[in-house]
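Novice: Okay, here's what each chain looks like letter by letter:
Number of protein chains: 2
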Amino acid sequence: MNILYDEAVDGALGKVDARDLFAELRAAMPDLQILHREEDLHPYECDGLSAYRTMPLLVVLPERIEQVEAILRICHARRVPVVARGAGTGLSGGALPLAQGVLLVMARFNRILEVNPRARFARVQPGVRNLAISQAAAPHGLYYAPDPSSQIACSIGGNVAENAGGVHCLKYGLTVHNVIGIEILTMEGERLKLGADALDSPGFDLLALFMGSEGMLGIVTEVTVKLLPKPRVARVLMASFDSVDSAGRAVADIIGEGIIPGGLEMMDKLAIQAAEDFIHAGYPVEAEAILLCELDGVEADVAEDIERVRAVLGRAGATAVSLARDEAERVRFWAGRKNAFPAVGRMSPDYYCMDGTIPRKHLPTVLRGTAALSERYGLRVANVFHAGDGNMHPLILFDANQPGELERAEELGGRILELCVAVGGTITGEHGVGREKINQMCVQFNADELSFFHAVKAAFDAEGLLNPGKNIPTLRRCAENGRMRVHQGEMPFPDLERF
Amino acid sequence: MNILYDEAVDGALGKVDARDLFAELRAAMPDLQILHREEDLHPYECDGLSAYRTMPLLVVLPERIEQVEAILRICHARRVPVVARGAGTGLSGGALPLAQGVLLVMARFNRILEVNPRARFARVQPGVRNLAISQAAAPHGLYYAPDPSSQIACSIGGNVAENAGGVHCLKYGLTVHNVIGIEILTMEGERLKLGADALDSPGFDLLALFMGSEGMLGIVTEVTVKLLPKPRVARVLMASFDSVDSAGRAVADIIGEGIIPGGLEMMDKLAIQAAEDFIHAGYPVEAEAILLCELDGVEADVAEDIERVRAVLGRAGATAVSLARDEAERVRFWAGRKNAFPAVGRMSPDYYCMDGTIPRKHLPTVLRGTAALSERYGLRVANVFHAGDGNMHPLILFDANQPGELERAEELGGRILELCVAVGGTITGEHGVGREKINQMCVQFNADELSFFHAVKAAFDAEGLLNPGKNIPTLRRCAENGRMRVHQGEMPFPDLERF
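Just so you know, the sequences run in chain order A and E. If you use full-length UniProt numbering, the first sequence corresponds to residues 1 to 499, in order. If you use full-length UniProt numbering, the second sequence corresponds to residues 1 to 499, in order.
These aren't lab readings, by the way, just hints derived from the structure by calculation. As the structure is a prediction and not an experimental result, all values here were calculated from the model. Errors might be hidden in some of the hints.
Since copy identity is lost for identical chains, a pair holds within one copy or between any two.
Straight-line C-alpha distance at most 30 Å; calculated DSSO-like pairs for lysine-lysine [to be verified]: (1) Lys193 - Lys361; (2) Lys361 - Lys269; (3) Lys230 - Lys15; (4) Lys15 - Lys171; (5) Lys15 - Lys269.
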């Protein structure tokens with residue numbers, strides 16, 4: 001795959017002397033693990049978005065807060081940029097290194113500090129895996145709600161950085177709704193506690209500001225999360241449709257009915273076939289689209305909601321509806337969905353997973369638009385996504401060994417995101433902006449809006465040393481990029497009517 | 001009552017020529033209502049915290065966004081501070097005018113712009129009353145969840161400014177959890193849309209930053225709120241206790257059991273007696289404390305939870321537990337609680353309502369500490385509060401006509417808030433900081449933390465013209481004030497062990 005590299009950002013930073021920096025770090029912390037040889041740096045050159053790769057200057061793997069503090073103070077004094085990384089599973093390149101920067105790997109901060117079942121919270125270090133929190137809480141009948149597909153591997157610090165979601169965030173919210181406090185270090189090495197063990201925190205809501213801030217405001221050193229009681233019953237319905245349009249309409253109908261499913265997922269034909277071929281989940285391979293709708297809660301409530309959803313699905317034109325007979329079948333239905341990305345990956349040398357969010361009522365329009373764009377760019381697109389949230393995940397299939405295909409895939413992805421913006425949506429659902437969507441930020445926001453982001457960034461990191469080149473584009477980048485701003489439907493996608 | 005006035009802030013602002021300003025506003029907007037005569041300004045000299053009063057320089061009552069924009073541009077050019085006001089029901093003095101500032105009354109922006117039952121949101125102007133939103137949504141079986149006691153009068157713009165809560169925010173969250181988008185004008189008159197009609201908004205979470213920002217970052221001109229389906233069933237249990245201690249423990253026990261009540265409220269003897277005398281709600285006047293616990297949802301779920309809560313209450317030592325027999329009795333039980341503030345007001349010439357939040361497990365300690373402080377200061381304190389959230393509302397009874405009593409009441413209130421901080425809580429639950437708790441912010445936060453608040457403020461309002469003197473104290477104020485910082489239990493309340 002091509003090695004892309006943000007020369008503009010790295011160029012602006014100036015040359016850093018890696019030897020000098022290494023020597024100072026080593027002198028200050030004799031026991032700090034520092035990687036500097038090319039073969040050691042190699043595994044860190046990308047995160048989950050492997051289309052973008054850059055070899056970092058140095059990789060540091062601290063184990064104690066005092067080390068992180070010292071690393072930041074040294075880098076701050078030398079004006080060396082710092083990119084934080086958790087488990088490296090992010091899909092938008094938020095942890096892509098800089099050639100002239102230090103990669104700060106927080107993976108060794110992996111201790112669960114406290115599980116308090118009575119007050120229903122867990123206090124953990126940022127490198128703790130998402131699923132490990134739920135496992136630690138399980139003996140108390142509790143769990144941590146946000147469940148990204150990568151939950152066996154991704155870390156809670158990374159979840160905070162990207163405001164991660166998952167199948168169940170329609171009902172239980174994103175990371176921002178489930179974190180009650182964090183501790184951070186600023187680029188100058190100052191410690192701050194944000195949030196409180198209380199309902200409201202006075203002053204400005206800096207805790208929420210940090211959710212999804214992609215390591216640009218500070219380095220998260222501790223996270224306190226809400227734990228929820230496990231729902232007593234969970235049942236899943238699978239409905240088949242002979243068009244993606246009617247499946248899309250059924251989604252809006254279910255929500256419009258006042259039902260809040262635990263999960264409401266949609267897959268189109270290509271995704272169904274790929275998943276069935278890989279997992280044998282029992283999906284109807286002849287269907288144009290399926291919906292998986294999970295209802296959870298107490299028995300009586302769930303039973304009633306199942307009947308209501310069945311009725312809505314019938315009216316919306318479902319050709320078949322089946323209820324998972326038992327827990328084994330429920331798990332199998334979900335296994336197909338949860339493995340849809342690797343399943344699609346088997347159909348193509350490479351794939352590119354997009355992430356945009358739209359108002360639910362526009363699902364049919366955006367699906368039609370995506371199909372039209374797919375045809376125009378000559379690349380297949382599979383759709384598998386959190387339909388209840390309007391959170392699209394088009395998977396673009398391509399072959400990086402074919403000259404120009406990666407670039408075409410990226411352009412197609414960008415166009416799909418712009419389509420999301422045109423119908424009043426946004427360019428992220430749960431993967432963040434990272435390096436991937438930096439150009440689309442110029443489409444989502446105008447110069448005034450971006451300048452407020454920069455001012456907030458400067459309030460925490462005046463020199464712009466934390467993860468530069470991600471999340472918030474410079475105004476110059478937007479100008480050079482030549483993108484027009486299309487905001488909240490004010491200026492429609494030129495082709496919108498055609499879909 | 002005494003007229004207090006923040007000379008420090010007003011002094012720092014410099015003298016504004018009211019005639020000149022009036023003339024410029026009048027010339028720019030011939031149809032703008034501007035109040036300038038003393039008798040017209042009088043009703044605006046305080047908000048719901050009437051212990052603090054200042055006559056504003058001018059009051060403006062715009063009706064169109066363009067007028068607000070022009071007012072801000074003129075004030076910005078002249079460096080005249082602007083204090084925004086909604087319905088004026090706030091309890092922390094967030095809308096207290098400045099003698100050298102313009103009071104911008106947003107009450108005439110009172111149109112409901114859109115109720116969308118299918119996508120379950122309402123888009124309203126900031127002057128719309130909280131209850132009016134639920135009334136507009138009622139025909140669709142929907143409502144807006146946060147319900148401050150002042151909901152018949154308070155405006156949604158003020159709710160945003162103070163991040164308002166209510167009886168049901170234990171289960172349904174504060175304003176920050178129920179607003180999905182806002183439009184604002186900055187002090188320079190720029191329009192911004194924050195939030196999105198989508199799951200996640202890319203970039204930093206400026207929407208959350210505005211919740212509770214007390215008009216210091218911008219003027220809210222439109223608010224889009226989530227609407228929720230009305231619960232099908234709501235039942236309320238009333239439990240009596242022979243000590244506030246055991247009632248406090250019962251609260252932690254209910255939550256620890258994994259039950260999330262729709263509301264969980266506590267009243268102590270003084271509050272019970274006041275409410276019963278006023279409302280005849282059927283409260284047990286001989287009890288030392290009562291809990292009201294509402295369970296809502298679907299029938300089967302509610303029925304089961306009632307039995308679980310009954311069992312917990314029994315084990316916690318409740319002397320009596322009764323279930324409201326019908327809807328009329330349920331409404332009567334709540335009427336006592338909702339009118340507890342005016343009921344207590346009948347017992348004393350004046351009262352001062354505090355608002356702090358603590359971890360639930362410390363309820364007994366803080367109630368004992370409050371009783372000890374009440375005795376030391378020689379002022380009665382009634383306790384009526386959102387116990388499930390740990391959100392205390394001590395009502396301090398005093399007589400402002402007795403020399404020194406107001407000052408003593410204020411000092412006692414400050415001590416109670418510092419006690420909240422000492423056990424790891426915060427100085428606000430749902431009333432905000434405003435002018436009232438500005439000194440306690442020096443106790444809650446250290447200088448580093450406050451300097452981040454100032455930097456964020458400067459990102460939006462570099463000249464500090466929006467509501468200066470509220471919410472975020474200057475470092476100088478904290479230094480002059482001589483308060484020690486007591487943060488997250490690091491430095492305990494000196495008397496804590498005694499309680």
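Novice: Please go over all the hints and tell whether each is borne out by the structure.
Specialist: Against the structure, the hints:
For a Cα distance limit of 30 Å, the shortest separation of Lys193 from Lys361 across copies, 21 Å, qualifies, whereas the shortest one inside one copy, 40 Å, does not. Taking identical chains as interchangeable, the C-alpha atoms of Lys361 and Lys269 lie at most 30 Å apart only when both belong to the same chain, with a minimum of 21 Å there against 53 Å between chains. In the homo-oligomer, the alpha carbons of Lys230 and Lys15 never lie at most 30 Å apart, since the shortest distance is 52 Å inside one protomer and 61 Å across protomers. Proximity of Lys15 and Lys171 under a CA criterion of 30 Å is satisfied in neither setting, with 48 Å inside one chain copy and 53 Å between copies.
In this homomeric assembly, Lys15 and Lys269 never come within 30 Å of each other (Cα to Cα): the closest approach is 50 Å inside a single copy and 71 Å across copies.
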